[in-house]
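A.B. asks: Sequence:
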Amino acid sequence: MTDHKLRCLMFAMLAVLVLSVAGAVRGKAPVLRVLVGDVGDTYAKVQVIPEEDAALRVEYGVSGARQATTPTYRALRGEVIEIRLEALAPDEEYSYGVVLSGGDQTYAAMEGAFRTQRRKGSSFVFTVQSDSHRDALTDDALYANTLKNILGDGPDFHMDLGDTFMTEKFAKSEEAVRDRYLEERSFFEMIGGFVPVMLVNGNHEGENGFLLNKTGENLAVWASDARNKYFVTPSPGGIYSMSEDADKYAGLRGGHYAWEWGDAIFVVLDPFWYTIRKPGSLADNWQYTLGKEQYEWLVGTLVASDAVFKFVFCHNLVGGLDKDGRGGIEAAGYFEWGGYNPDGSYGFDSRRSGWEKPIHQVLAENGVDVFFHGHDHFFAKQELDGVIYQLVPQPGNPGSKDFRLPGEYGYKEGVFLPSPGHIRVSVSPDRAVIEYVASSTGQRAGKADNGTVAYSYSILP
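Quick note on this note's numbering: the sequence shown kicks off at 1 and runs consecutively.
Be a bit skeptical, because a hint or two may be false.
Okay, derived cross-link-like pairs now, BS3-like style, lysine-lysine, Cα gap no bigger than 30 Å in a straight line [what the hints assert, rightly or not]:
1. Lys278 to Lys323
2. Lys412 to Lys323
3. Lys412 to Lys357
4. Lys169 to Lys381
5. Lys229 to Lys214
6. Lys357 to Lys278
7. Lys278 to Lys292
8. Lys120 to Lys148
9. Lys172 to Lys214
10. Lys381 to Lys323
11. Lys381 to Lys278
12. Lys248 to Lys292
13. Lys357 to Lys292
14. Lys229 to Lys148
15. Lys357 to Lys381
16. Lys323 to Lys169
17. Lys292 to Lys323
18. Lys172 to Lys248
19. Lys172 to Lys323
20. Lys292 to Lys214
21. Lys229 to Lys248
22. Lys214 to Lys278
23. Lys357 to Lys323
24. Lys229 to Lys172
25. Lys229 to Lys292
26. Lys120 to Lys381
27. Lys278 to Lys172
28. Lys248 to Lys169
29. Lys229 to Lys278
30. Lys214 to Lys169
31. Lys278 to Lys248
32. Lys278 to Lys169
33. Lys169 to Lys292
34. Lys278 to Lys412
35. Lys169 to Lys148
36. Lys214 to Lys248
37. Lys323 to Lys214
38. Lys412 to Lys381
39. Lys148 to Lys381
40. Lys169 to Lys229
Hint data in this document are derived by calculation from the structure and do not stem from the laboratory.
Input sequences plus hints: build the corresponding full structure.
C.D. replies: See the structure below:
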């Protein structure tokens, strides 16, 4: 176990202990919902939602020493307080404590930690999950085990590829959207005080352009607002690149963004906001789009980067093999992603007039190493034109004895394994190791033991 992994576990246990001690002082445990995020080279944010009125501040420093403190903030029950920590050192591990004060008593109520932006040449770990999809098919205990495994990996940050909040399926009002985001946040709080959670929109998040209605009263705007309110999303400036064009109703959404960390660049895509008509059949899949502004931003970001490793994240390919956008490399030749129509004719020039080339060609020609995608609910490792297409498994779906998803979704070539689990990526200057870490509750005969590596491969610069 690395020092960083050990510190993550020690901090997690310390947080539980501190909450218990604070509860003994006050007669009941104060409940603080804490996430850390928007971490840059010299800054970070701590977001706190108290479940009772509170006066709070954050103390922070390197190696457990608390050399700095923020002003005290007075927060009402349920109010979101976002506190910016500044004048940090790059590539340094910080610990922090959320300190409560009341009357003549002051005590730490929550402990956490984070790592500022890695310098080039540094080694680090990040993790990826997709499609937690908390519905009738999800085992919450299994999902919790996956999150515990992720925390034990000691990642610098954690990527979530969407279909997480499920507002498009289960929320019909702004209040229901808020409740879905807060409910899913309660799971991410298992890791989020120590590991920034980087969100990628899925089709079920509800941030779909075809739901917009030229007002602020619609699911797409409600979901965008909830994501940016209840999670610590990257902000423009600093180390993050994103669109700074504010939507009239949703403001600065930050649906697509990019940043460099160590020897890698990370690029997050969002085709959903820009898809203004919902496809009704496979022939309609040209409706799926990044939009020209995001497409040109993607091209410019990849062309300008000299990072050793390039990683791109999107919930699914922009197009797909059916109206729902399923598929891996077998779908990569079609629509905006590959340029061809389902009948084999080339349609990109007429359908995307003024665009230079299809998305897959952009990725391949600019040295993208791995394209991480979700949506199809199992593990698949495929490769096309030097780009690895890494399908990310579900973290909480026990799977079935009859593993038929690859065939049903048009996958033909590659390594296919059932869920559940997550992806762990260990990046060093000379290689990146991608591992599928399986999850189990220990009660599933014939399944891999919890935390074991089900599949592993390496990529070189």
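A.B. asks: Would you check the hint for Lys357 and Lys292, treating anything up to 30 Å between C-alpha atoms as holding?
C.D. replies: Holds - the C-alpha atoms of Lys292 and Lys357 are around 12 Å apart, at most 30 Å.
A.B. asks: Please verify whether Lys292 and Lys214 have alpha carbons no more than 30 Å apart.
C.D. replies: OK: Lys292 and Lys214 at ~20 Å, within 30 Å.
A.B. asks: For Lys381 and Lys323, compute the direct alpha-carbon distance and say whether it is at most 30 Å.
C.D. replies: Given pair Lys381, Lys323 holds - Cα atoms ~23 Å apart, limit 30 Å.
A.B. asks: Do the alpha carbons of Lys169 and Lys381 lie within 30 Å of each other, as the hint requires?
C.D. replies: holds, 29 Å
A.B. asks: What's the verdict on Lys323 and Lys169, does the C-alpha distance respect the 30 Å limit or exceed it?
C.D. replies: OK: Lys323 and Lys169 at ~17 Å, within 30 Å.
A.B. asks: Run the distance test for Lys278 versus Lys412: straight-line Cα separation, threshold 30 Å.
C.D. replies: holds, 27 Å
A.B. asks: Does Lys169 lie within 30 Å of Lys248 when you go C-alpha to C-alpha?
C.D. replies: Between Lys248 and Lys169 the Cα gap is close to 25 Å, so the pair holds against 30 Å.
A.B. asks: Quickly compare the C-alpha distance for Lys169 and Lys148 to 30 Å and report which way the hint goes.
C.D. replies: holds, 27 Å
A.B. asks: Between Lys169 and Lys229, is the straight-line Cα distance small enough, at 30 Å or below?
C.D. replies: holds, 21 Å
A.B. asks: Is the straight-line distance between the alpha-carbon of Lys412 and that of Lys323 30 Å or less?
C.D. replies: Holds: Lys412 and Lys323 sit about 19 Å apart, inside 30 Å.
A.B. asks: Does Lys292 lie within 30 Å of Lys278 when you go C-alpha to C-alpha?
C.D. replies: Status holds; Cα separation ~18 Å.
A.B. asks: Does Lys214 pair with Lys248 here, judged by a C-alpha cut-off of 30 Å?
C.D. replies: holds, 9 Å
Violated hints: none; the structure is consistent with every hint.
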